[in-house]
Each structure stands twice: as structure tokens, then as C-alpha cells.
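**Q** Protein sequence lines correspond, in order, to chains S and D. Residue numbers for the first sequence follow the working numbering, beginning at 4 and rising by one. Residue numbers for the second sequence follow the working numbering, beginning at 22 and rising by one.
The hints are simulated quantities; they were obtained by calculation from the structure and are not laboratory data. Model, not experiment: these values are computed from the prediction. Note that CB positions come from ideal geometry on N, CA and C, so glycine has one too. Where hints are given, some of them may not hold.
[What the hints assert, rightly or not] Quick list of the computed label-pair ranges, beta carbon to beta carbon:
id : chain 1 : residue 1 : chain 2 : residue 2 : range
1  : S       : A36       : D       : G133      : 25 to 33 Å
2  : D       : D68       : S       : T211      : 52 to 60 Å
3  : S       : L20       : D       : V158      : 50 to 58 Å
4  : D       : G133      : S       : S5        : 47 to 55 Å
5  : S       : S5        : D       : M70       : 41 to 49 Å
6  : S       : L20       : D       : N221      : 42 to 50 Å
7  : S       : L102      : D       : R104      : 36 to 44 Å
8  : S       : T216      : D       : R104      : 29 to 37 Å
9  : S       : F146      : D       : R93       : 43 to 51 Å
10 : D       : T23       : S       : L16       : 36 to 44 Å
11 : S       : V276      : D       : P99       : 33 to 41 Å
[Claimed, not checked] Stretches of chain D that chain S covers, calculated by requiring three or more beta carbons in the stretch to come under 8 Å of a beta carbon on chain S:
id : stretch
12 : 28-35
13 : 115-126
What follows is each chain in one-letter form.
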Amino acid sequence: MSPLTAYLVQFVLALLLAPLLPGIINRVKAKFAGRHGKPLLQLYFDIFKLLRKGEVVSRSASFVLSLGPAVSLATALCALALLPLGGVTSPLAFQGDFLLAAYLLGLGRFAVILAALDTGSSFEGMGASREATFSALAEPVLFSCLLALACVGGALDLETHLSLSGMLGGRPGTEWLLGRSELLFVPVVLFVLLLVENCRIPVDDPNTHLELTMIHEVMILDHSGPNLAYILYGSALKLWFFAALPAGILVPDFPAWWAQALCWLATILLMAVLVGVVESVMARLRMYSVPRLLGGAGVLAALALILTQIR
Amino acid sequence: MTSFLQLLLLVLTLNNLALLGVDRLRSLIRLITLQGVLLAGVLLALDHMLLAPAVLIIKGGILPYLLNRTRRRIGAEPHLRPRFGYGWAVLAGMGGLLFSFWLEGRLPMPPGLFPPLLLPAALTTLFCGLVLVVGRVTALSQVMGYLVAENGIFLLGIPLMSAGAIWFELTLLLDIFVAVFVMGIAINHISDTFESIDVNRFHNLRD
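Working from the sequences, and respecting the hints, build out all of it.
**A** Listed below in C-alpha cells is the structure:
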């Protein structure tokens, strides 16, 4: 099978399976609480239901409100297409594509923030302000992680050097197995970033819809119908993107692409289970402790960067 | 075995930075216990089979026990009182780490004497100990800073140790043992007399 076909198979798989991740997280949380929980496919049902519904738009809102969901979904799709899925180099890979991926996600977030501000509700403006603050803090952490990977990743292959495909294409997995254990800090930091960027506990609680401390959920309060479905699907894709980053570091090179793809899939699903466990055993952090959490993650990322540079 | 040693030294470096970031006395003592265990692990990885259990017992068992006992006896506050913020302390630790790496390149060491990462990890431990001594107010946490600095010196001493120098190391261990013992008693007495172990208040003492 050609690499392009292998990539396309996995891309379609990612598109199909992404809404499964929140289902797994909810199921793990339910098991911890001793409940049966929602069906695994709940998000699929929600998305299909919302796509069939009409939309209610506030009279004070402009076209920006409906632009937000579309842009956030499109940017999440594009960012995912830059990832080397299952260790297979993305056909769109180029030098420095990690910058594009990070800023595509940033653009999506910006669109959602604008849409939230467009409603004119002070409540949504508060959530938008928090989202902007925390994502600004998370950005340098993400880049130090990616730089640490760039020092290891494509050092042998000049074509994909400094691209996500070079950084996550199986080389870090081989390297840490050979004893470069500082690379294992990076998946830990990326996991913290997954929690921050996808608004999971301990940073934000995705289940609260009417609380003064919520962040992401408050921004999408005014969306309904197909637009809400786009936002839900976009955030599922974003979750898949962030769960795939640790998989790219932990899974080493396999001779057969399908074996590596299976390992990636298993790692991504494992990440969802881990998020569920973290959400079950941890309370939500106070708002001012979140920068401290990100600071700790930043220190860990800086340590990984220093150690990969020096060795 | 080398990768095991590298992993231990990495965890040790992380442990050092965590020491500077925690704000509870109990967590500090737990991290110091972990540091003792890690030191024993490093000795084991470097084939010092006899010394490793001794270090495990003293630095991973007796000293934390003494510290915990002192903490309970004097009824110390659960939270540390820093002179400067925890973020700054961790940044200072990172600075110490960078400086250690810079120093490793500058020091004229015979090649092969230090396994990779050992020298920077030891120097970072030393610096973090010093930051703890300087940056925390209560006497008990300063004793812990001293202990961490001593752990750094101990790490530096490990590769220099030949068969005959084991006695030197043992005396070092006993030294620190006695030091903490005496300091434990001293802190007890201070708290009996002055009701506080805040060293800032010593400035207010008059004849």
C-alpha cells in the first residue's frame, strides 16, 4: 500500500473516530462514579441531532457569530491534516509546518472568541478573556516541546526536518527506547496541554453550563443547531490532534505501517482513558492556580529542551 | 545500566526543581526522602553495593523520620514561608541547571571520570539546596536545604571515591546525621524558648 493511501485511511479513521474520544472520557468518569453513564456514541447522536435542527440567532449578533464555528472546524481539520498520522508522513508536510498547525488552532480559537464577543453578552466576554489568557500561556509551552522534538526528530532526514512529520514520525519513540529518557517529559507536558487546550478538568469543567468560573462552555452558549454541531465536532478533532501528539513520541518505528497505526490508535484511546481518570480523581483548580500548572509544565518542557540540546 | 543511571539523574533533577516549587512542609520532607532513595539508586547503578543500602537507610529512612518527628514535636506550620515566590525559586533552580551545564564544559575533568549528566545533576542539587537555605524562612526548612546541598556534594564525591575512600564517605554520612540530630535538638530548644523558629526574629534579640 502506498504511503498516501495509508495516510488517507488513517485520516478518514481520525475523522470518524474523533467524536468517540469524549464518549470514552465520559464512560470512564461514569465507571469511576459507579454509574452506567451515557452511551459511548453520545456525541455522534448529538451532532446528528443538532445538524437536523434549526438555529436561533441573537438579534444583536452579526455574521461573525456564524463564522466562528465554521472557521474553528476548518482550522481543526487543516491542523489535523498536517500531523503524521500513524507515523506516516503527511502529504502536506513542509519545513516549519508545526508553526502553521499551532497558529491554525490559534486562528480557530480566535474565531470562537470573536463569535463569543459578537453576542454582546458580558458573560461570554468573560469566558473569551479567560480562554485567550490561558491559551496565550499554553503557547510557549507547546513551542518548547516542539523545539525539543525538533532537536531529535528529523536530524537524519533533511526533507522533513523541522516539520511535524519529522518530529513525530517515530524517531523520538526509537530515541527514548535507546535511553534518551528526557524525551519522556514531552508527552507529560503535552498531556497537560491537552487538558488546558481542550478545557478539561483541572482547568475547566466541560459539564458545567451555568457557572461563573467556566471558560470554554460559556463562549458557545449562544450557538445552536448546525453551528453548535460544528463546534462540537471541531473540538473533538482538536482533542484527537492533542491526543495524537503524545502518540507520536511514545510509539517507535515499526516495519509495518498498520502495526504502527494500531499502536497510535491504542495510544490515542489510552489518552482519552487517562483524561477520564484525571477528571475523576482531581478537583478543578482555582482560576489563579492554572498559570502555576502551566508554569510547571513550562519548566518541564524547558528541562527537556535543555537536556536534548546539551546531549 | 547507563540508561538506568540517566533516568535516575533525570528524576533527581526534576525532584530538585520540585523541591523549590512545593509550599507544604510535608511535601518537602517527602521529596527529600525521594532524593535519598534516588541517591541510593545512583550508588547501586554505579556498583557501590555496600554503600547503597546504608544511604537508603540513613538518607531515605532515618533523616526523614527525624525531620518528621521534629516537625510534629514543634508543631511547625504546615505551609512554608518563602522569602521570594515559588516561581522565582524554580527559575533560580533552572538558572542553576544552566550554569551547571556551562560549568561542566569549563571544568578540566579527566575524561570518563564522571558519567554523563552526573556532574550537572550534582551541581544543580547543590544550588537548589542553597536556594532553599536562602529562600525559606523557618529553621526546619533551612536544615532541609542544607541536607539537599549536602546530597549534591555527596553526588559529586561518588565518582571520586576509590576503594579506600569509603571511610571518608561514611564519616560524611555520620557528619550529616549528627548535624541534623543536633539541629533537631536545637530547633526544639529554640521553639521551647522563643515559641517560633522564624530566623528573621533572631535579629530582634537584645542582651
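**Q** Now tell me, hint by hint, if it's right for this structure.
**A** Taking the hints in turn, this is what the structure says about them:
no.	hint	verdict
1	A36(S) / G133(D): 25 to 33 Å	violated, 56 Å
2	D68(D) / T211(S): 52 to 60 Å	holds, 55 Å
3	L20(S) / V158(D): 50 to 58 Å	holds, 54 Å
4	G133(D) / S5(S): 47 to 55 Å	holds, 49 Å
5	S5(S) / M70(D): 41 to 49 Å	violated, 55 Å
6	L20(S) / N221(D): 42 to 50 Å	violated, 59 Å
7	L102(S) / R104(D): 36 to 44 Å	holds, 40 Å
8	T216(S) / R104(D): 29 to 37 Å	holds, 32 Å
9	F146(S) / R93(D): 43 to 51 Å	holds, 45 Å
10	T23(D) / L16(S): 36 to 44 Å	holds, 39 Å
11	V276(S) / P99(D): 33 to 41 Å	holds, 34 Å
12	28-35	holds (count 4)
13	115-126	holds (count 4)
Taken one by one, the earlier hints fail for this structure at numbers 1, 5 and 6, listed in ascending order.
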